[in-house]
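Asker: Knowing the structure of chain G, use the given hints to seat chain D on it.
There are 2 protein chains.
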Amino acid sequence: MSRWEPNARGRLEQAALDLYQERGFEQTMVTEIAERAGLTERTFFRYFADKREVLFGGQDMLRNIYVSAIEAAPASTTPLDAVAAALQAVVPVFQERHKLVRQRQAVITANPGLQERELLKGALLTSAMTEALRRRGVTDPAASLAAEVGVIAFKTAYNRWVSGPDEQDLSRLIRESLDQLKDVVAGT
Amino acid sequence: MSRWEPNARGRLEQAALDLYQERGFEQTMVTEIAERAGLTERTFFRYFADKREVLFGGQDMLRNIYVSAIEAAPASTTPLDAVAAALQAVVPVFQERHKLVRQRQAVITANPGLQERELLKGALLTSAMTEALRRRGVTDPAASLAAEVGVIAFKTAYNRWVSGPDEQDLSRLIRESLDQLKDVVAGT
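As given, the protein sequences belong to chains G and D, one line each in that order. With the UniProt record's numbering applied, the first sequence covers 1 to 188. With the UniProt record's numbering applied, the second sequence covers 1 to 188.
None of these hints come from the bench; they were simulated from the model. Any given hint could turn out to be false.
Since the list gives no way to pick one copy over another, a pair counts as held whenever it fits inside one copy or between any two copies.
Under the rule of at most 20 Å between Cα atoms (straight-line distance), these lysine to any residue pairs were calculated in the SDA-like manner [to be verified]:
id : residue 1 : residue 2
1  : K155      : D140
2  : K155      : A128
3  : K155      : D18
4  : K155      : D50
5  : K99       : D169
6  : K182      : R97
7  : K51       : G10
8  : K182      : T77
9  : K155      : R134
10 : K155      : H98
11 : K155      : L124
12 : K155      : E167
Chain G with its partners taken away, still in its complex shape (with noise of 0.2 Å):
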């Protein structure tokens, strides 16, 4: 029980995502997942707390490097930008799992009780957001308004990057999205 089984934690993401597809979140239960997976239902407690955690469980991860990118932009950088970096930062992390994020998307627009899970932890990261950049000294109100932009900066993008084909560029999208709020905000 206790072996160590190569990438368990890809294999029960994957199992999890596959059944909330095919049954959906709420009919899927913990034992299907790891039976699916080919692993124990304790292996799957090693690494979630429960299905939810799933679909859920990246965001301290996310919280880190947006934390961390804030916390190394230069001291002169404006407080948009230095949100602008951090969200560049997770790129990579949205980028190499395109398929795994696109089912992640479907399970969470299929179900209501998820969306509102989902604008917690966007809630969560604006707030992580905007407390990185008051300790660099940004004040109220900048520091929210600056994580708040930001992260509808992102969201347009992830929105766009999510329902596209795999070859987009989530980056290049990012900053698309950043200037076309800029424009908006400057009224032209």
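Answerer: Structure of chain D alone, referenced to chain G:
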């Protein structure tokens, strides 16, 4: 039972908010709300589907005000200015009910489940504004970006207003937030 009760809706709302604050949202029963208001449970259910609806029943009214204001904006108005007009249009709804709005906010802050619902409400209102802009011929992503950016400015102003003294002018706070947002995006 079915006789007319003066301001039944308002009395039920006030009784519910008082009880949610005193005992907690989860611990309050509809029968207690009705009793506190001096009305029957049956009257409660004539106005609200459940005790959560007391907190979120205003969503449709807000959506209608937002959408009407965007539709009424002159054709030459920029997308963000049309959204700004919509935000100003709902000010009277909030301004006249500062104490109730503040009580409602305290209840939501104390309950994570209600916070998720509040985020969903924000997302639905943002979508309604995006749709209204599209019907004016605004293309994507400008339509959603203008709506999202406007909602951020509103939330920033609202958070200051709801936590501040009664005499604060929400309308002025919204204008200030929009100006601060423009500064943040322009990188000044």
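Asker: Between K51 and G10, at a C-alpha cutoff of 20 Å, which is it: within one copy, between copies, both, or neither?
Answerer: within (14 Å within a copy, 42 Å between copies)
Asker: Is the C-alpha distance from K155 to D18 at most 20 Å within one copy, between copies, in both cases, or in neither?
Answerer: neither (24 Å within a copy, 38 Å between copies)
Asker: Given identical chains, is K155 near L124, meaning Cα to Cα at most 20 Å, within a copy, between copies, both, or neither?
Answerer: both (14 Å within a copy, 15 Å between copies)
Asker: With 20 Å as the alpha-carbon cut-off, assign the pair K182 and T77 to within, between, both or neither.
Answerer: both (17 Å within a copy, 17 Å between copies)
Asker: Can you tell me if K155 and D50 fall within 20 Å by alpha carbon in one copy, between copies, both or neither?
Answerer: Neither: 26 Å inside a chain and 33 Å across chains, both beyond 20 Å.
Asker: Using 20 Å as the alpha carbon limit, work out where K155 and H98 are close: within a copy, between copies, both or neither.
Answerer: For K155 and H98, only the intra-copy Cα distance (15 Å) is at most 20 Å; the inter-copy one is 33 Å.
Asker: With 20 Å as the alpha-carbon cut-off, assign the pair K155 and R134 to within, between, both or neither.
Answerer: Intra 23 Å, inter 19 Å, cutoff 20 Å: inter-copy only.
Asker: Measure nothing new, just compare the shortest in-copy and cross-copy C-alpha distances for K99 and D169 to 20 Å and report within, between, both or neither.
Answerer: within (14 Å within a copy, 49 Å between copies)
Asker: With identical chains treated as interchangeable, where does the CA-CA distance between K155 and D140 reach 20 Å or less: within a copy, between copies, both, or neither?
Answerer: Only across copies: K155 and D140 sit 13 Å apart there, 23 Å inside one copy, limit 20 Å.
Asker: First find the shortest C-alpha distance between K155 and A128 inside one copy, then the shortest across copies, and answer within, between, both or neither for a cut-off of 20 Å.
Answerer: Answer is both: 16 Å inside a copy and 17 Å across each meet the 20 Å cutoff.
Asker: Could you place K182 and R97 in one of the four classes (within, between, both, neither) given a Cα distance threshold of 20 Å?
Answerer: neither (29 Å within a copy, 35 Å between copies)
Asker: At 20 Å max between alpha carbons, let me know whether K155 reaches E167 within a copy, between copies, both or neither.
Answerer: within (18 Å within a copy, 36 Å between copies)
Consistency with the previously given hints fails for numbers 3, 4 and 6, ordered from lowest to highest.
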